[in-house]
Amino acid sequence: MKMTQLITTENIRNFSIIAHIDHGKSTIADRILELTEAISQREKREQILDNMDLEREKGITIKSKAVRLLYKAMDGKQYIFNLIDTPGHVDFSYEVSRNLAACEGALLVVDAAQGVQAQTLSNVQMALDNNLSIIPVINKIDLSTADPEKVSKEIKKIKGLENNPIFLVSAKDGTGIREMLEAVIKYIPHPGGSSDKPLQALIFDSVYNSYQGSIVYIRIVNGLAKPGMKIQTMSNNKIYEVTEVGIFTPKRKKVNQLSVGEVGYLTAAFKDVSLTKVGDTITNAEHPASQQLPGYKKVTPVVFCSFYPVENEDYHNLQYALEKLSLNDSSISYIAESSPALGFGFRCGFLGLLHMEIIQERLEREYKIQLIATTPSVLYLVHLKDKKIIEINNPSQLPDNNLIEFIEEPFIELTVISPSQFLGGIMELLQDRRGVFKNLEYLDKDRARLLYHLPLNEIMLDFYDRIKSISKGYASMDYHIIGYQESALIKVELLVNQDIVDNLSFISHKDKAYERARKLVDSLKTVIPHQLFEVPIQAKINNKIIARSTVKALKKNVLAKCYGGDITRKRKLLEKQKAGKKRMKKIGKVEIPQEAFMSILKID
Amino acid sequence: MSAMRSIGLYIHIPFCLSKCPYCDFFSLVSYDEQLKERYINALKQEMEIYSQKIRDVEIISIYIGGGTPTVLTGGQLSEILSSCYHNFQIAKGAENTVEANPGTIDMEKMEMLFQAGVNRISLGAQSFNNKALKKMGRIHTKEDNIAAYQLARSAGFKNINVDIMFGLPGQSKKEFENVLTELIVLKPEHISLYALSVEPGTPLDNTIKTGKIRLPCDDFCNKLFLSASDYFSEFGYEHYEISNFAQYGKRCIHNELYWKNRSYLSIGAGVTSYIDNKRYQNYQELNQYIFLLENGILPIRYQEVLPLKERMAETIILNLRMMEGLDKKAFHSLFNIPMEDIYYQSLQNLKEQGLLTESKTHYFLTKKGILLANNVFMEFLD
Numbered sequence: 001m002k003m004t005q006l007i008t009t010e011n012i013r014n015f016s017i018i019a020h021i022d023h024g025k026s027t028i029a030d031r032i033l034e035l036t037e038a039i040s041q042r043e044k045r046e047q048i049l050d051n052m053d054l055e056r057e058k059g060i061t062i063k064s065k066a067v068r069l070l071y072k073a074m075d076g077k078q079y080i081f082n083l084i085d086t087p088g089h090v091d092f093s094y095e096v097s098r099n100l101a102a103c104e105g106a107l108l109v110v111d112a113a114q115g116v117q118a119q120t121l122s123n124v125q126m127a128l129d130n131n132l133s134i135i136p137v138i139n140k141i142d143l144s145t146a147d148p149e150k151v152s153k154e155i156k157k158i159k160g161l162e163n164n165p166i167f168l169v170s171a172k173d174g175t176g177i178r179e180m181l182e183a184v185i186k187y188i189p190h191p192g193g194s195s196d197k198p199l200q201a202l203i204f205d206s207v208y209n210s211y212q213g214s215i216v217y218i219r220i221v222n223g224l225a226k227p228g229m230k231i232q233t234m235s236n237n238k239i240y241e242v243t244e245v246g247i248f249t250p251k252r253k254k255v256n257q258l259s260v261g262e263v264g265y266l267t268a269a270f271k272d273v274s275l276t277k278v279g280d281t282i283t284n285a286e287h288p289a290s291q292q293l294p295g296y297k298k299v300t301p302v303v304f305c306s307f308y309p310v311e312n313e314d315y316h317n318l319q320y321a322l323e324k325l326s327l328n329d330s331s332i333s334y335i336a337e338s339s340p341a342l343g344f345g346f347r348c349g350f351l352g353l354l355h356m357e358i359i360q361e362r363l364e365r366e367y368k369i370q371l372i373a374t375t376p377s378v379l380y381l382v383h384l385k386d387k388k389i390i391e392i393n394n395p396s397q398l399p400d401n402n403l404i405e406f407i408e409e410p411f412i413e414l415t416v417i418s419p420s421q422f423l424g425g426i427m428e429l430l431q432d433r434r435g436v437f438k439n440l441e442y443l444d445k446d447r448a449r450l451l452y453h454l455p456l457n458e459i460m461l462d463f464y465d466r467i468k469s470i471s472k473g474y475a476s477m478d479y480h481i482i483g484y485q486e487s488a489l490i491k492v493e494l495l496v497n498q499d500i501v502d503n504l505s506f507i508s509h510k511d512k513a514y515e516r517a518r519k520l521v522d523s524l525k526t527v528i529p530h531q532l533f534e535v536p537i538q539a540k541i542n543n544k545i546i547a548r549s550t551v552k553a554l555k556k557n558v559l560a561k562c563y564g565g566d567i568t569r570k571r572k573l574l575e576k577q578k579a580g581k582k583r584m585k586k587i588g589k590v591e592i593p594q595e596a597f598m599s600i601l602k603i604d
Numbered sequence: 001m002s003a004m005r006s007i008g009l010y011i012h013i014p015f016c017l018s019k020c021p022y023c024d025f026f027s028l029v030s031y032d033e034q035l036k037e038r039y040i041n042a043l044k045q046e047m048e049i050y051s052q053k054i055r056d057v058e059i060i061s062i063y064i065g066g067g068t069p070t071v072l073t074g075g076q077l078s079e080i081l082s083s084c085y086h087n088f089q090i091a092k093g094a095e096n097t098v099e100a101n102p103g104t105i106d107m108e109k110m111e112m113l114f115q116a117g118v119n120r121i122s123l124g125a126q127s128f129n130n131k132a133l134k135k136m137g138r139i140h141t142k143e144d145n146i147a148a149y150q151l152a153r154s155a156g157f158k159n160i161n162v163d164i165m166f167g168l169p170g171q172s173k174k175e176f177e178n179v180l181t182e183l184i185v186l187k188p189e190h191i192s193l194y195a196l197s198v199e200p201g202t203p204l205d206n207t208i209k210t211g212k213i214r215l216p217c218d219d220f221c222n223k224l225f226l227s228a229s230d231y232f233s234e235f236g237y238e239h240y241e242i243s244n245f246a247q248y249g250k251r252c253i254h255n256e257l258y259w260k261n262r263s264y265l266s267i268g269a270g271v272t273s274y275i276d277n278k279r280y281q282n283y284q285e286l287n288q289y290i291f292l293l294e295n296g297i298l299p300i301r302y303q304e305v306l307p308l309k310e311r312m313a314e315t316i317i318l319n320l321r322m323m324e325g326l327d328k329k330a331f332h333s334l335f336n337i338p339m340e341d342i343y344y345q346s347l348q349n350l351k352e353q354g355l356l357t358e359s360k361t362h363y364f365l366t367k368k369g370i371l372l373a374n375n376v377f378m379e380f381l382d
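If you're matching them up, the sequences are chains A and B in order. Just so we're aligned: 379 in the working numbering is position 379 of the first sequence, and the numbers increase by one with no gaps anywhere. Just so we're aligned: 33 in the working numbering is position 33 of the second sequence, and the numbers increase by one with no gaps anywhere.
For reference, chain A alone in the conformation it holds in the complex (with noise of 0.2 angstroms):
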């Protein structure tokens, strides 16, 4: 193909878009798309790079995909742009970080009304980190509410992009779109390295496909790859054969080969995407580089929640949908489990809440299964006085309160902005859920940007809810996890009629163990039917009780009429009552029912 002689690093533009959710990223994508030759009008999808319908709907990239374009730049000159996209979410972090490792520039797209948001910020933070040269676009400069100068100055207000030319667009009629092309060329730098050094390529993500595995999506850094050539993984060694290498048209396309400063995707005999991680470098194997990129990691799950498919019969079903999701996405960490109240299921890890969400709609969705989800989770590190140290992502597994030296739980770092006039709510809900002041900034006089530590798990139920409906939706928020810190946690364990109950039991912050107890012995009161004795609930600490309640003893229920054909109306309400305390669970002499078990989720 006569293109590939053209390549020279000097003519290749690697970038990214990066912005605040619904500023505009995609709609920016499809205008560059438009004034680029990579798809014809009638290929044309609104938003092609987001594929999944998920992804539509909540207006969001949750998998990155790349696609190269060939841009005939004002100077007369051709280029070739790889534009990758990102995940526009912390849950997805790492692979973010990642995505920009394989760029040497961002646009960074700020909404013209809305300004500067706490996404922009950490997305700002992330590109500098990875050195990227960032061009500043205003979008959306047709909105009546659009007020540039005002976001320009909040820009400007960031730090290291005091001296960045800003961009002012308009995704929806093309304004400016041409100009912001301009720029890329004459602002981002053009790739380094060089052809003839070792092969260094980046995993930047990776798809399965079940003919050809894991097809991972590269940047190559230093040298070149072409079928045949055997390579290596360099964080477990692992040897293959390329079979194919390609770029993105967006559609994969088949090239002899991929040489410095390119981006494009590579199949080898992977089995499935956890044999390529996100991040990983691959090398060549008979002259392999002498050291691997920076900025690996290996990503672990923060949140944990249960699913159970609402009907038994589809726990094969669901088995099977988070092995395929799992294909995909080897974040996602499952384990089967059963409880008494919901029968079998499985014990996931997630990247985060949001991660977690999609996950349980595409089962939902994709796989129609129906599910129930258990409250979500962090992960704990529990010390133990002997020294040990367990992990428990399940309250039900934490040991006696006499054997723990001290519990961790994950910390995060908050940013939330903010109209000024909401600020006192916002941190009066920060300090109930254990947060730790540490700055607030104004970004103009009347919005500002407040920074909180505060334990993750204090995040998990209603809390983005909150914070919207106090700032009434004018806030944005973003966090990242800085680390495990020691908590004031405790085993809060719960008795009916004195057996302890494992599954409702749960951990809790010391200061408010008493009013989540308080909470669930007050709500099982009214869900555990009268038995013929009565029955006392409690919650303890070690040994002492800290809230009680009591299902007083069943007195009468009977003492009607029944005449003719009653008795047979009669009989199918008590069959129907009698099937009812079959599901329940027996603790003791104690029948459970299902709700009681659902209750502990309902409290915070």
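Hint data in this document are derived by calculation from the structure and do not stem from the laboratory. Watch out, some of these pointers could steer you wrong.
Stated by the list, open to error - The list that follows gives simulated cross-link-like pairs (lysine-lysine, DSSO-like), each with its CA atoms no further than 27 angstroms apart:
no.: 1; chain 1: B; residue 1: 223; chain 2: A; residue 2: 561
no.: 2; chain 1: B; residue 1: 367; chain 2: A; residue 2: 572
no.: 3; chain 1: A; residue 1: 552; chain 2: B; residue 2: 209
no.: 4; chain 1: B; residue 1: 368; chain 2: A; residue 2: 589
no.: 5; chain 1: A; residue 1: 561; chain 2: B; residue 2: 131
no.: 6; chain 1: B; residue 1: 351; chain 2: A; residue 2: 552
To be verified - Away from chain A, derived, C-beta distances all over 10 angstroms, residues of chain B:
no.: 7; residue: 5
no.: 8; residue: 30
no.: 9; residue: 104
no.: 10; residue: 135
no.: 11; residue: 175
no.: 12; residue: 187
no.: 13; residue: 225
no.: 14; residue: 381
What the hints assert, rightly or not - Pair ranges (Cβ atoms, derived):
no.: 15; chain 1: B; residue 1: 207; chain 2: A; residue 2: 466; range: 18 to 24 angstroms
no.: 16; chain 1: B; residue 1: 75; chain 2: A; residue 2: 573; range: 38 to 44 angstroms
no.: 17; chain 1: A; residue 1: 532; chain 2: B; residue 2: 24; range: 24 to 30 angstroms
no.: 18; chain 1: A; residue 1: 462; chain 2: B; residue 2: 217; range: 34 to 40 angstroms
no.: 19; chain 1: A; residue 1: 466; chain 2: B; residue 2: 227; range: 52 to 58 angstroms
Where a beta carbon is used, it is the ideal one built from N, C-alpha and C, also for glycine.
For this one, chain A is given, so just place chain B on it according to the hints.
The following block gives chain B in isolation, referenced to the frame of chain A:
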């Protein structure tokens, strides 16, 4: 000559003057004379069809219930009764009951009923406290109750049942004791004493959910019930079924047929019959019921032969409602297997829980078991 079988005959009148807020039985409150007439004709038609189908039976009890049968005229009720006599063989001395709402009777009606062969009146008094009656949406007063009772007596009735409800919202012990005193001076032959039960979806249920009214607690209701039971026995009443008390020899024959799980034929919209282990249910919608009969078709919506397990369960449940309990031998001969062979564990559990006890011949509910009969019954269900 084949042996005659004794069965009961129930006739349903699905009309009321107004709907009580606690009631979830089927009855209509808006209807015209013509609909009533057509309905009566349909009842007669249904009886005529059955008279051809069911032979060799003797009716030992006729029970006209509702709804409110006494919204019909004396003439209409007599007409129904004579149709019974016309179509079936009615035993000499059969117990013929009509349910009467104290707000819907007069001397003439009472006399006509007596003349037509009715020999038992079941009076839906419910209470002798005017406030309580009003709260329960009843259309009659305490004075109406007493007057109706006296009317029945002077018309010649020697067997009268009075229905009394307890556990009403806001009911005090004192109020209930007064009701019992007023009741006992009347000296009815039979008393039905039953707790107000809140059926889902009734107006009462909805009001309770709003929190405007509250029902007395179980402990209190039990106290009322047990003290009433003692009180009645002082006056010579036998507590013979969970919610029924009778003077010697005045048990309700008709209801005993139900409780012993014997056969009965039911006529009318929405009714259920039980004949030779088969249960039949009629269409409830009045026009459909009438239309089918006007075309000579039985309005059976649904019929089932009760499977053995269900028959056993129903037999046990119903018999245990009787204070004398379940006759072990009778069960054995009815099902060809001793009860213990099937329900050993259940019987053990119930005895351990103090809900059930036994004599040589019978199983029967304990005092605690009476109050918690549903728990007992459930043990015998799958």
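Hints and how they fare:
1. Our distance criterion of 27 angstroms between C-alpha atoms is met by residue 223/B and residue 561/A, whose separation comes to about 18 angstroms.
2. Proposed proximity of residue 367/B and residue 572/A is supported: the alpha carbons are some 25 angstroms apart, at most 27 angstroms.
3. At most 27 angstroms may separate the alpha-carbon atoms for a hinted pair to count; residue 552/A and residue 209/B meet this at roughly 21 angstroms.
4. Restraint check for residue 368/B and residue 589/A: satisfied, since their Cα atoms lie roughly 19 angstroms apart, inside the 27 angstroms limit.
5. Distance restraint check for residue 561/A and residue 131/B: the Cα-Cα separation of roughly 23 angstroms lies within the 27 angstroms cut-off, and the hinted pair is therefore satisfied.
6. Using a Cα cut-off of 27 angstroms, the hinted pair residue 351/B and residue 552/A holds, with the two alpha carbons roughly 22 angstroms apart.
7. Every CB of chain A lies more than 10 angstroms from the CB of residue 5/B, the least distance being 18 angstroms, so the non-interface label holds.
8. The beta carbon of residue 30/B sits about 24 angstroms from the closest Cβ of chain A, which is more than 10 angstroms, so the claim that it is off the interface holds.
9. At the 10 angstroms boundary, the C-beta of residue 104/B stays outside the reach of chain A, the nearest C-beta of that chain being 20 angstroms off.
10. Listed as a non-interface residue, residue 135/B keeps its Cβ farther than 10 angstroms from every Cβ of chain A; the least gap is roughly 19 angstroms.
11. Distance to chain A confirms residue 175/B as a non-interface residue, since its nearest Cβ pair spans about 18 angstroms, more than 10 angstroms.
12. The beta carbon of residue 187/B sits about 22 angstroms from the closest Cβ of chain A, which is more than 10 angstroms, so the claim that it is off the interface holds.
13. Against chain A, the non-interface label of residue 225/B is violated: not every CB pair exceeds 10 angstroms, the least being about 6 angstroms.
14. In this structure residue 381/B is not separated from chain A by more than 10 angstroms, as the shortest Cβ-Cβ distance comes to only about 5 angstroms.
15. The given range of 18 to 24 angstroms is broken by residue 207/B and residue 466/A, whose C-beta atoms sit roughly 36 angstroms from each other.
16. In this structure, residue 75/B and residue 573/A meet the distance hint of 38 to 44 angstroms, their C-beta atoms being roughly 39 angstroms apart.
17. Hint check: residue 532/A to residue 24/B, Cβ distance near 28 angstroms, so the stated range 24 to 30 angstroms holds.
18. Taking 34 to 40 angstroms as the suggested C-beta distance range, the pair residue 462/A and residue 217/B conforms, at roughly 36 angstroms.
19. At about 55 angstroms, the beta-carbon gap between residue 466/A and residue 227/B stays in the expected band of 52 to 58 angstroms.
The structure fails hints 13, 14, 15 (numbered hints given earlier, in ascending order).
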